[in-house]
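Trainee: We have chain A already, so just place chain B with the ligands on it with the hints.
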Amino acid sequence: MFEILGITSQALFGQLLIGLINGAFYAMLSLGLAVIFGMLNIINFTHGALYMIGAFVAWMLLNYLGVGYWWALVISPIVTGALGVLIERFMLSRLRDLDHLYGLLLTFGLALIFEGLFRQKFGSSGLPYRPPAELTGGTNLGFMFLPNYRAWVISFSLVVCLGTWYAIEHTRLGSYLRAATENPALVQAFGINVSRMITLTYGFGVGLAALAGVLAAPIYQVNPLMGSNIIIVVFAVVVIGGMGSILGSIITGFALGVAEGLTKVFYPEASSTVIFVIMAIVLLIRPTGLFGRSS
Amino acid sequence: MDKSAMLKVSGLQAWYGESHILHGVDIEVRQGEVVTLLGRNGAGKTTTIKSIMGMVAEREGSISFNGHETINWPSNRIAKAGIAICPEERGIFSSLNVEENLLLPPTVQPGGLSVEEIFTLFPNLKERITSQGTKLSGGEQQMLAIGRILRTGARLLLLDEPTEGLAPVIIQQISRTISRLKEAGFTILLVEQNFRFAATVADRYYVMEGGKVIDEIDNAHLEQHVDKLNEYLGV
Ligand SMILES: Nc1ncnc2c1ncn2[C@@H]1O[C@H](COP(=O)(O)OP(=O)(O)OP(=O)(O)O)[C@@H](O)[C@H]1O
Ligand SMILES: [Mg+2]
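Residue numbers (this note's numbering), protein chains in the order written: chain A, 1050 to 1344; chain B, 403 to 637.
Please note that a few of the clues may not be correct.
No farther apart than 25 Å at their CA atoms in a straight line, the calculated lysine to any residue pairs in the SDA-like style are these [to be verified]:
1) K410/B - D605/B
2) K537/B - I1092/A
3) K528/B - R1221/A
4) K584/B - L624/B
5) K537/B - K1313/A
6) K482/B - R1138/A
7) K482/B - E1231/A
8) K1313/A - I1281/A
9) K482/B - R1245/A
10) K482/B - R432/B
11) K482/B - L1222/A
12) K614/B - R442/B
13) K1170/A - M1109/A
14) K537/B - N1232/A
15) K584/B - D605/B
16) K537/B - L1296/A
17) K410/B - T602/B
18) K528/B - Y1225/A
19) K584/B - K537/B
20) K537/B - F1340/A
21) K537/B - P570/B
22) K410/B - G463/B
23) K410/B - N621/B
24) K537/B - H1219/A
25) K528/B - G1223/A
26) K614/B - K528/B
27) K482/B - Y1225/A
28) K614/B - H422/B
29) K410/B - A1234/A
Rough simulated footprint, nothing fancy, chain A against chain B, three-plus residues with beta-carbon under 8 Å [claimed, not checked]:
30) 501-511
31) 516-526
Have a look at the derived ranges for each label pair, beta carbon to beta carbon [stated by the list, open to error]:
32) L1153/A - D617/B: 48 to 56 Å
33) I531/B - G1158/A: 43 to 51 Å
34) L1147/A - D428/B: 32 to 40 Å
35) L1147/A - E566/B: 28 to 36 Å
36) T532/B - N1090/A: 24 to 32 Å
If you're looking for bench data, these hints aren't it; they were derived computationally from the structure. All values derive from a computational prediction rather than experimental measurement. Just so you know, even glycine gets a beta-carbon here, dropped at the ideal spot from N, CA and C.
Extracted from the complex, chain A is given alone in its bound form (with noise of 0.2 Å):
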């Protein structure tokens, strides 16, 4: 046990870890976002409904159909996902070839449609979704404890994080997903169906969505409201790390994560606001982000 400025070890480490916590939803969001924005160009507002969908598709799953936790770690992605290529495909692959204004007005009211429904149907106090049994309890690592279920959290979202960056950036899919962000014409020209991956591509970050509300779910509870919540959160974010950049999403995200924590303890006042501090300081000094590439 030690003390900075009045401060117990202990306080200090649980307002990191929720700092880390919430910095691997930031960092799932805004990488979900930063894969579409670079294939579509669209900023996707839709993002934190989709992310509250995924949490609320396992509830259902559990108290509909009695399917638990690992299971809906992989079904709700998959049947959110193939919600977000329903939206790809029937709406925004219409507004492709006109101002990115339309595609963000539509993610809007997608958004807006999507959390009123939910909140009719569930209303909007929250429903509580228990973590799996193989998650409960904790390790008391001697300066703080540890609940197992959070050490889960942050390990497999770094994993899911690094897994896409490294998939975007060193395999063959994804040098196709680079090459079509830069030049969509010369890649469909190569032979390349880029309009079925630009689909593919927004699937995949809805699902990167949705895996994190199925994550989100056992910490804060299942909220028509909890995609509103986080999503202005997650759009600082991107503007500080950088429209479209991968790993600077991952980044930035953990790191604002433990920014927001650490405020908390020590200027706990200023803990809502120092993110948008933040945000406010980078434009000023670096307008394309922190990893963002001037175009």
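Mentor: What follows is chain B with the ligands alone, placed relative to chain A:
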């Protein structure tokens, strides 16, 4: 018409939005030939090449490749039928290294060159294999842009001004490469401003102006037509 025409373009029209660029282009390329499109800046050479590749959204008329009418096909389907493009701006991807750029175009048919054979044609590329694509010199980028479409098995290559802005030694190297590709059985439709260069490789020339073909010249008769060509090209 000649039955052995691999590519037959007739009455091709093309638009970029409101502007009508091609006004009925007629071109034929036979199996194994090197055919060159000549013409001043803005004559419509690139637009013709891109229309053949399916990269111009609004096109009308007929483009027949190996007997298939491709005028309404999307570019990825045209690529799979065996046509590959080396675009005027080269189109090297900056987020891909040389190796990734080289391996990007998927194989569409068997019979393409191996990566080793491409390195024999362009030894520079082998040395720069891990460099970022756009960090290469202009000449090396051109080699990469040509090299990557040789792997795919495409039999008709569309090369848009491969010598533009390059030093004479590199132009010679590209000229030798085109000759070798011709020997290897590739069919090539080449865009060139410089008919002195084209003369080293071409069998026939089409001269374009104002979105139309205005003349056709055989390589055998090139010398007789030099004055006329100079006039066409405004040299
Ligand atoms: N993307 C585009 N949008 C609108 N007009 C275009 C576009 N690309 C080309 N044009 C116009 O079409 C005409 C033909 O252009 P094209 O590029 O086919 O000529 P070119 O013969 O290849 O010329 P160069 O020798 O300069 O490459 C030009 O007048 C050009 O301004
Ligand atoms: Mg041109």
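Trainee: Checked against the structure, which of the hints given earlier come out wrong?
Mentor: 2, 5, 19, 26, 31
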